[in-house]
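Chemist: Go by the hints and put chain H onto chain Y.
Protein chains: 2
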Amino acid sequence: MEKNKKIFFTPGPTQLYPNVAKHIKDALSNNICSISHRSREFEVIFSETTESLKRLLNIPNGFHVFFLSSATEAMERIIENCVAEHSFHFIGGSFSERFYIIAKQLMKSPEKLEAEFGKGFEFDLEIPGKTELICFTQNETSSGVAVDMEDIYAIKKKNPEKLVAVDIVSSVPYVNIEYSLVDCTFFSVQKGFGLPAGLGVLIVNDRCIEKSKLLSNKGYNIGSYHSLLSLLSKAEKRQTVETPNILDMYLLREISKELNNIGIEKIREETEEKANMIYDFFDRHELYSPFVQDKGIRSKTTIAIKTPNGSGEVINRLSEKGFVVGSGYGVHKNEQIRIANFPMHRAGDIKKMLRLI
Amino acid sequence: MEKNKKIFFTPGPTQLYPNVAKHIKDALSNNICSISHRSREFEVIFSETTESLKRLLNIPNGFHVFFLSSATEAMERIIENCVAEHSFHFIGGSFSERFYIIAKQLMKSPEKLEAEFGKGFEFDLEIPGKTELICFTQNETSSGVAVDMEDIYAIKKKNPEKLVAVDIVSSVPYVNIEYSLVDCTFFSVQKGFGLPAGLGVLIVNDRCIEKSKLLSNKGYNIGSYHSLLSLLSKAEKRQTVETPNILDMYLLREISKELNNIGIEKIREETEEKANMIYDFFDRHELYSPFVQDKGIRSKTTIAIKTPNGSGEVINRLSEKGFVVGSGYGVHKNEQIRIANFPMHRAGDIKKMLRLI
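Heads up: the sequence lines are chains Y and H, in that order. To convert a position in the first sequence, counted from 1, into our numbering, add 724. To convert a position in the second sequence, counted from 1, into our numbering, add 724.
So that you can see chain Y by itself, here it is in the shape it has in the complex:
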């Protein structure tokens, strides 16, 4: 099978974290895929996964960790449970737009501020007073633009009574969040954690829970088995409502432990060093250049590069040498490539890949 040996620099699904195959083997040997989700053994996996994540991401008490099936599901559950009518969305690409569209589909009345694709937001706006929830996509995977968390905190400080939700799908675990200044975050595991897809993680504080209760009491439809209230009542018993993706929860525990052993500070430093190496290379390249021109908003984890001669040629050339990079997103498919820079991506491999470009 060595002919298939490749390194995936795609922005998700991406390269698996190195020990995933070993952990899956251990999981199979220990019957992890056969145990009951009502067993003591499962409860240990549930609580250890939660604790490892809380430590890694510096999530304080007063926040709850829930397991869903995708980040897209998280968007739906947040809107259902935290919005009677009015959400407000900062839209700079396809994933922030998806959050907005989901609010529309759920028959809410979302408003938005749009930024040009690849550009930053004008943050000096007044959020409409009726807004209940402000939604940010901290790292827009489609464009390679990252929002500075300080800008999000500033909005929260100006609007302390409004809830703030932050999509950290493609920046976790790199992004450093001060949880006292946000109300909920979410991600999926097939990006920065390098795991098989099929598990989403939703982190909410008690204010979100209270909002969900309030909506339910007022007769709003907050969903069924995955309402925040249903999720909480099971999480308190270290269980889930439905049979979840137990294997992925087990793997998330193992990888979180490994990342904790390395230390989140070191992971952040390395991520920045690797990002600088990639941006420096393309800033100096004759033909290709970073798509995001404002260096202050360039994503450290999902890097979009303009390829004026088309993306296909370089994607194919790299693929032949065993390096898989992503194409541009949507309409930019042929004019950009995207390179992920997650914890499992090693500086040495990035250097080898860049030498081929």
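Bear in mind the hints are in silico, worked out from the structure with no lab data behind them. Some hints could be false.
Copies of the same chain look alike in the list, so a pair counts if it works inside one copy or between any two.
Unchecked claim - With a cut-off of at most 27 Å between alpha-carbon atoms, the simulated BS3-like pairs for lysine-lysine come out as follows: (1) Lys1075 with Lys729; (2) Lys981 with Lys749; (3) Lys1057 with Lys958; (4) Lys836 with Lys942.
Modeler: Coordinates of chain H only, in the frame set by chain Y:
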């Protein structure tokens, strides 16, 4: 790791299908967990999984196969998309009750016919005329009662204008369904298919799609990314809305192919032979006896056994010998055991287990 070698006869999650470990290894070698869910490679997995399932379960054209995260999610999506107000539920245990509760939580006005736990339904009723969707749990995992498909067909024939949904979670692939007489079925993969949990399959016909469109046009909330309309628009491109559990879809393709190679008729025959062996044993046992007394409604796939001296002793005794059986469900935890009889459970192992009882 041999000390952990056990055979799980639990009703789900259960024993993995024998080749699952090998298929996971192949999937990892072929980078299945790293490929994009927008790639040609993924589209092939999507369509081959769908085709293998359609062949195995004899699903005709005009039905659509959608991938969700659990059977519980399927219940939510069916209610959201096929019911404006009135569903009707045949409730004989915890899982049929869950379907009803989900309809309540989604603010519908469900009605129900209840059967005593472990007993059959009185099918000679008039379904209220306003009913839009009739919900059956064909095999009630909590009680070990199976509904004869002929009873479901008879209700459908008397109510041809109403939609009929059938939960086949713990009877698939054994249960033989005439799809011209039902409108939708659903299951998850951690029971009869012996796969890691985290994938649900929803099978709907065009009447369900039409109902979803009608509700949407009338201003009902049909959900967002997993409405039947969203699922259909992506499935037509052999894709999913969100990044799905690609590994489980791959494994479902492989196991469906293996089951097709064995032949569904043979699987059904063997299931019945094994079920007869188990029921015969307990019908003649001094102490233990089948919980479901009416032989006509005894499940072939999830078998509940009364243990008048408590369930703990026999569960522990079997466990020490490497056989894991389930406890009774909920309040019956200590007074029953449940034994699953799925395609991966071999007659020889069942005999060995029974000898220990």
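Chemist: State the violated hints by number, sorted upward, taking the hints as numbered earlier in the document.
Modeler: none
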